[in-house]
Structures are given as C-alpha cells and as structure tokens.
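So the protein sequences, as listed, match chains A and B. In this text, residue positions in the first sequence follow our numbering: the first is 420, and each later residue adds one. In this text, residue positions in the second sequence follow our numbering: the first is 420, and each later residue adds one.
FYI, nobody ran anything at the bench for these hints, they're computed from the structure. One should not assume that every hint holds.
Simulated pairs of lysine to aspartate or glutamate, EDC-like, Cα-Cα distance not exceeding 20 Å [to be verified]:
id: 1; chain 1: A; residue 1: 421; chain 2: A; residue 2: 512
id: 2; chain 1: B; residue 1: 563; chain 2: A; residue 2: 440
id: 3; chain 1: A; residue 1: 421; chain 2: A; residue 2: 515
id: 4; chain 1: A; residue 1: 563; chain 2: B; residue 2: 440
id: 5; chain 1: B; residue 1: 421; chain 2: B; residue 2: 475
id: 6; chain 1: B; residue 1: 421; chain 2: B; residue 2: 520
Number of protein chains: 2
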Amino acid sequence: VKFSERTLIEEILAPLANPADGSLGLTDDAAFIACAPGRDLVVTQDTLIGSVHFRDQDPAAEIARKSLRVNLSDLAAKGAEPVAYLLSLALPDGVERAWAEDFAAGLRSDQDEFGIALYGGDTVRSPGHVMVTVTACGTVPRGKMVRRAGARAGELIYVSGTIGDGAFGLAALNGGTPAIDALDARARDELAGRFLIPRPRLELAPALRAHASAAMDISDGLAGDLALLAAASRVTVEVDLCRVPLSPPAAAAIAAEPDLLIRAVTGGDDYEIVCTVPEARASAFEAAAGAAGIAVSRIGVVTGGEGPPVFRDSAGRPVRFEQASFSHF
Amino acid sequence: VKFSERTLIEEILAPLANPADGSLGLTDDAAFIACAPGRDLVVTQDTLIGSVHFRDQDPAAEIARKSLRVNLSDLAAKGAEPVAYLLSLALPDGVERAWAEDFAAGLRSDQDEFGIALYGGDTVRSPGHVMVTVTACGTVPRGKMVRRAGARAGELIYVSGTIGDGAFGLAALNGGTPAIDALDARARDELAGRFLIPRPRLELAPALRAHASAAMDISDGLAGDLALLAAASRVTVEVDLCRVPLSPPAAAAIAAEPDLLIRAVTGGDDYEIVCTVPEARASAFEAAAGAAGIAVSRIGVVTGGEGPPVFRDSAGRPVRFEQASFSHF
Numbered sequence: 420v421k422f423s424e425r426t427l428i429e430e431i432l433a434p435l436a437n438p439a440d441g442s443l444g445l446t447d448d449a450a451f452i453a454c455a456p457g458r459d460l461v462v463t464q465d466t467l468i469g470s471v472h473f474r475d476q477d478p479a480a481e482i483a484r485k486s487l488r489v490n491l492s493d494l495a496a497k498g499a500e501p502v503a504y505l506l507s508l509a510l511p512d513g514v515e516r517a518w519a520e521d522f523a524a525g526l527r528s529d530q531d532e533f534g535i536a537l538y539g540g541d542t543v544r545s546p547g548h549v550m551v552t553v554t555a556c557g558t559v560p561r562g563k564m565v566r567r568a569g570a571r572a573g574e575l576i577y578v579s580g581t582i583g584d585g586a587f588g589l590a591a592l593n594g595g596t597p598a599i600d601a602l603d604a605r606a607r608d609e610l611a612g613r614f615l616i617p618r619p620r621l622e623l624a625p626a627l628r629a630h631a632s633a634a635m636d637i638s639d640g641l642a643g644d645l646a647l648l649a650a651a652s653r654v655t656v657e658v659d660l661c662r663v664p665l666s667p668p669a670a671a672a673i674a675a676e677p678d679l680l681i682r683a684v685t686g687g688d689d690y691e692i693v694c695t696v697p698e699a700r701a702s703a704f705e706a707a708a709g710a711a712g713i714a715v716s717r718i719g720v721v722t723g724g725e726g727p728p729v730f731r732d733s734a735g736r737p738v739r740f741e742q743a744s745f746s747h748f
Numbered sequence: 420v421k422f423s424e425r426t427l428i429e430e431i432l433a434p435l436a437n438p439a440d441g442s443l444g445l446t447d448d449a450a451f452i453a454c455a456p457g458r459d460l461v462v463t464q465d466t467l468i469g470s471v472h473f474r475d476q477d478p479a480a481e482i483a484r485k486s487l488r489v490n491l492s493d494l495a496a497k498g499a500e501p502v503a504y505l506l507s508l509a510l511p512d513g514v515e516r517a518w519a520e521d522f523a524a525g526l527r528s529d530q531d532e533f534g535i536a537l538y539g540g541d542t543v544r545s546p547g548h549v550m551v552t553v554t555a556c557g558t559v560p561r562g563k564m565v566r567r568a569g570a571r572a573g574e575l576i577y578v579s580g581t582i583g584d585g586a587f588g589l590a591a592l593n594g595g596t597p598a599i600d601a602l603d604a605r606a607r608d609e610l611a612g613r614f615l616i617p618r619p620r621l622e623l624a625p626a627l628r629a630h631a632s633a634a635m636d637i638s639d640g641l642a643g644d645l646a647l648l649a650a651a652s653r654v655t656v657e658v659d660l661c662r663v664p665l666s667p668p669a670a671a672a673i674a675a676e677p678d679l680l681i682r683a684v685t686g687g688d689d690y691e692i693v694c695t696v697p698e699a700r701a702s703a704f705e706a707a708a709g710a711a712g713i714a715v716s717r718i719g720v721v722t723g724g725e726g727p728p729v730f731r732d733s734a735g736r737p738v739r740f741e742q743a744s745f746s747h748f
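Make a model of the complete structure from these sequences and hints.
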C-alpha cells in the first residue's frame with residue numbers, strides 16, 4: 420500500500436465520521452451507539468472479496484457502494500432505520516492513494532443518500548485481493564424487527580421492484596448470453612448498473628414494519644431465498660412465475676430466450692425485498708409502499724404444510740429448478 | 420471448501436448462538452440487540468488474515484480465539500461488558516470440516532469464559548487465506564465508555580499485566596533472537612501462548628469505568644499506543660522504563676540482551692490495558708484492580724504540553740525508539 424495506515428484513517432476515512440457522534444471521529448478503539456429508549460438495535464454484516472464478489476478492476480467507488488448497500492438492503496428488509504456502520508478494509512500492496520480516495524467518495528455519497536455514518540472498523544494489509552467487511556447498525560421499535568420466520572398460511576407474497584436484473588447485469592458484463600448480448604447498449608448498461616450498485620429498499624421499511632409478517636432481502640435468488648423464508652416460517656409457498664415483475668430489458672431478454680426466466684428467478688444480486696402480508700392488510704401495504712415510491716408486486720401465496728416453494732408457469736404447471744440458489748462456496 | 424455453506428451455518432456455527440436471544444439462532448439475515456435503558460452499546464471490529472495476523476498452519480481454535488479476544492480486549496479497555504459478536508468467516512477451497520469444527524470449538528470455550536454469544540455474520544469463499552472479521556458489541560452505562568481522549572496533566576499512567584510477552588512470544592515462535600531462543604522450553608511456550616491467545620482484561624472494566632480518565636488496549640506496542648492516547652488527549656506522557664512490568668521469561672531475556680527492552684515496549688500483541696488515573700483515585704483504582712485479580716503497575720505520569728511520549732531509562736535519560744509502533748501496512 421502506497422500510503423500509511425495513518426493517512427488512510429486520518430485523511431481518507433475520518434472525514435466519513437462525525438466527531439460529535441459515538442464514532443468520536445475514528446480517534447478511539449471502539450465507538451458507542453446511544454440507543455433511544457424503546458428501540459432495538461438491528462445488526463448485520465457482509466464481506467465482499469475481490470475476485471469472488473466483485474472484479475478487482477471494478478471502480479473503487481462501486482466496490483465501496485456495493486459493500487455498504489448490501490448491508491443496507493438487510494436493514495431495509497428487517498424494517499430498520501440505518502444509524503451507523505463499521506468498515507474493515509483489507510488492502511493489498513500496490514493500492515494507490517487515489518483508489519482509497521475514490522472508495523471513500525463512494526461511501527460518502529451513499530452515506531448522504533441513505534442517512535448512515537461511519538463509526539469505526541479496522542484497516543489491515545491484505546496478502547491478496549481487496550476485502551471489505553461492513554457491519555451495519557439500524558434501529559427498530561422494540562420487538563419490531565421483521566423476521567424471516569413469521570409467514571403464515573394464507574398470506575400474500577410480495578416482492579419489491581424487479582427480479583433478475585442483478586443476474587442479467589452480471590451476464591451483460593461477462594458476455595456469452597446471446598439474448599442479453601443482443602440487447603442495446605443502454606439496456607445492458609441498465610442491467611449492469613443493477614448488479615454493480617444495488618438499490619437498498621429502505622423506503623419500504625416502515626411499510627414492512629407496519630404490515631409484513633415476514634421479510635428478507637433477495638441476495639441469492641428469489642427461489643432460494645423464498646425457500647429459506649418458507650423453511651424458517653415452517654410453511655410452503657406457491658409463486659406464479661408470470662407475476663414475477665421484470666424490468667423492460669429483462670423482459671426483452673426473456674422474450675427472446677424464455678429459459679432465462681429461470682435464471683431471473685434463481686440468480687442472485689437482486690437486493691429486492693420479498694415479504695408476506697396478511698390478506699386483510701394487503702391494500703394498506705400496497706398503499707404504504709406506493710406512498711413510499713416503491714413498486715411492489717404480488718407474486719403468490721403462503722400455503723400450509725412444509726416443503727420447497729412451488730413455482731408455476733402460465734399454464735399452472737410446476738417448474739423445477741436445477742439449483743434454486745447461489746451457493747457461496 | 421469441502422462442506423456446504425449450509426452445513427457450516429446450521430451444523431457448525433448455529434450451535435454457538437442462542438435461538439432465544441436476538442441472534443434468532445442464525446436463522447435470519449440480521450440480529451437484534453435489545454439495549455437496556457440507560458446504557459450505550461460499544462462496538463468494535465477487527466480483521467485477522469492468514470499470513471498477516473496468524474500463520475496458516477496455526478490451530479483453528481487458536482485463530483478463532485485470538486480473533487474473538489482481540490475484540491474483547493477493546494471492549495475491556497473501554498470499560499464495556501460483552502454481549503454479542505458477529506463473525507465473518509472467509510474460507511479458501513480445501514478447508515476440511517474438522518478445521519471448521521475446531522474453529523467453532525475455540526469460539527465456544529471463549530464464549531463461555533467471557534460471557535458473549537454469536538449473533539450473526541457472514542460466510543464467504545476466500546480466494547486465498549482464511550480471513551476472520553469479528554464485530555464485538557458490549558454495553559456501558561450511558562456516556563461511560565472510557566475514551567482515549569481523557570488523560571489530563573498530573574494523572575498517573577498504569578498498565579495491566581506484563582508488557583512485551585506478545586512480541587517475545589512471536590520471536591520465540593519464529594526463532595532467531597538469541598536471548599529468547601536461549602530460554603528454556605517452558606518459558607518460550609509461556610511467551611508463545613501470550614502471542615497466540617491473548618488474555619482480554621475484562622475483569623478490569625469496572626475499575627476503568629470507575630476511576631480511569633482514559634484507556635486503550637495495547638495491541639501495537641506500548642510506546643506507539645501510548646502516543647496515540649496522549650495525542651488524542653492533547654497531552655504528553657513520561658514513562659519510567661524500569662517500571663514497565665515484565666514477566667519472568669521476558670525479564671530473563673532482557674537481562675541477557677538489554678536492548679530487547681525496546682522490543683518489549685514497541686512490539687505489538689500485548690493486549691494489556693494502558694490507562695490514566697487521577698492521583699486522588701490511584702489507591703482506589705489499585706484496590707479495585709486487585710480485587711478483580713488484575714495486576715496493575717504505575718509506569719509514569721501525564722504531563723502538560725503536547726509531544727511524543729518520553730521514555731526514561733534507570734538513569735533518567737530519555738530513550739529514543741526508531742519505530743514506536745507496529746504499522747499495519
């Protein structure tokens with residue numbers, strides 16, 4: 420690394436912290452978070468590693484923003500409001516100061532957009548790739564964290580935004596998928612942007628707290644993550660594939676190559692939210708989501724019994740997936 | 420990795436969590452921590468990477484325990500009581516299930532000893548070495564986190580335990596330092612143990628909260644860390660080198676090779692606590708530390724003005740160090 424650890428902390432990272440809050444301007448070994456009475460702290464942690472979760476040549480600001488946003492997506496799905504994050508940054512030899520400054524600039528813009536501040540962390544030397552671990556802290560009213568394990572038979576299943584753009588964006592960047600390669604440059608850029616810089620659905624958090632029985636963010640594919648939610652809730656679910664919301668570029672690619680619908684539903688990196696809502700609350704949930712500016716789509720129902728999710732095609736036939744979810748190993 | 424991520428989480432890591440607390444038994448995307456009224460949460464995060472912070476061949480349980488303990492040491496220095504930790508574990512291909520089980524067993528024994536539980540985290544594939552990031556959460560009465568930036572002129576400087584054992588332990592493991600190589604096997608093992616499995620001084624936390632104006636744990640060398648504490652407090656400090664407490668093996672090595680005292684004072688991995696205490700509270704602090712079973716030694720005084728710490732030899736002459744502290748890059 421071509422600058423000192425002290426430079427990194429004092430000149431590049433400390434400006435991301437507010438000395439007046441519990442970060443103490445990154446001048447201490449730990450930070451403190453003053454919990455408001457009657458609220459719980461919600462904590463989540465994700466690690467991203469060069470060559471595994473991002474490409475080493477990706478712009479530093481994008482790596483930074485994705486690292487923060489995947490954690491913010493978890494807070495959003497749990498109904499939490501962001502407060503603070505810790506950052507562990509492992510840098511290999513040869514990283515230039517300009518890279519670190521771009522990384523910090525990416526964090527700065529997202530901090531401002533999503534209302535979260537740097538409170539602390541660690542800086543270490545990496546023997547290989549850049550590695551980033553972010554721990555995000557948010558708050559909810561006491562006992563109100565929205566869990567995976569709350570879905571009940573008869574509830575409706577909703578997802579936010581559109582599904583498959585992250586996986587299609589990765590395919591657009593890598594090439595080799597004809598129906599995606601055939602999209603125009605603007606459509607491919609739109610998909611790639613969804614992969615590179617996910618959009619945490621924090622605006623949906625209040626609607627989830629108020630109306631959802633269970634929720635999680637979709638990071639490893641709708642099919643696999645919904646299976647986790649169903650298993651945690653000891654229910655099963657049925658999804659109408661034709662109700663899964665698609666962006667225009669994703670819909671165009673699937674129109675050209677129908678099997679890509681499977682990739683949309685099993686691919687990762689959506690960072691949308693899947694949740695279940697009691698039928699009696701469905702219109703209130705839809706109204707709250709709409710007021711928050713987040714599109715939500717009803718894609719299926721929670722059914723009794725246990726078992727893997729059932730996805731049905733437009734003729735009502737169940738569709739089987741070879742691999743329901745991205746595995747990290 | 421020769422076992423699935425699901426196996427790692429459900430069979431190996433989930434038993435470290437208590438399903439009845441905010442960890443939800445690691446079945447959710449995030450955890451919650453219910454803050455007691457009138458208390459602040461204290462958060463700290465450290466990353467350890469194979470080949471940088473530990474040797475790849477070190478026993479998995481030792482790596483696990485060190486990863487947890489370096490964070491517990493920060494909580495101790497801040498006067499905090501441990502509550503919860505998050506673990507991000509990056510494993511390269513080829514890691515066997517037995518390795519992961521040993522890692523979890525190391526965490527288990529330390530959780531039980533220090534009263535902390537696993538609440539969540541992340542598991543990812545590493546393209547290189549094992550990497551561990553731990554975020555530890557503790558609590559203090561509101562506003563009572565002991566800071567670096569609280570030392571005032573006239574206060575006394577104390578350290579817990581003994582200084583230099585971590586650096587000497589690393590030297591004992593690596594070989595090549597004649598005065599340490601010449602120690603008997605038991606003495607070398609004692610030093611190596613201090614390096615491999617640091618001892619967080621959590622018993623000292625109440626005494627620090629009650630009596631210390633400033634504190635930090637010594638991870639990068641007494642000289643360098645005390646310089647950070649002094650700089651944060653906008654004071655300077657004077658330390659009598661002959662008062663720096665040494666373990667019998669460290670004292671024996673220094674008797675044979677006096678220059679090793681410099682390495683004891685500038686080497687890292689002590690995980691002792693350095694703090695400043697007003698003179699009027701000194702006897703109460705010493706009594707509280709003694710009652711908690713932690714030896715503390717008065718090594719110097721805080722003086723007015725700013726500037727680097729002054730270390731004096733037994734004749735009162737200032738001693739200069741080439742490099743005051745371990746740099747992480």
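For the pair supplied as a hint, residue 421/B and residue 520/B, confirm whether the alpha-carbon distance does not exceed 20 Å.
-> Holds, because 13 Å separates the two Cα atoms, which is no more than 20 Å.
Holds or violated: residue 421/A to residue 515/A, with C-alpha atoms at most 20 Å apart = Answer holds: residue 421/A to residue 515/A is near 6 Å, not above 20 Å.
Between residue 421/B and residue 475/B, does the CA-CA distance stay at or below 20 Å?
-> holds (17 Å)
Holds or violated: are the alpha carbons of residue 421/A and residue 512/A at most 20 Å from each other?
-> The hint holds at about 7 Å.
20 Å Cα cutoff - pair residue 563/A, residue 440/B | holds (14 Å)
Pair hint outcome, residue 563/B versus residue 440/A [Cα-Cα no greater than 20 Å] = OK: residue 563/B and residue 440/A at ~14 Å, within 20 Å.
Figure legend: structure checked against the earlier numbered hints; every hint is met.
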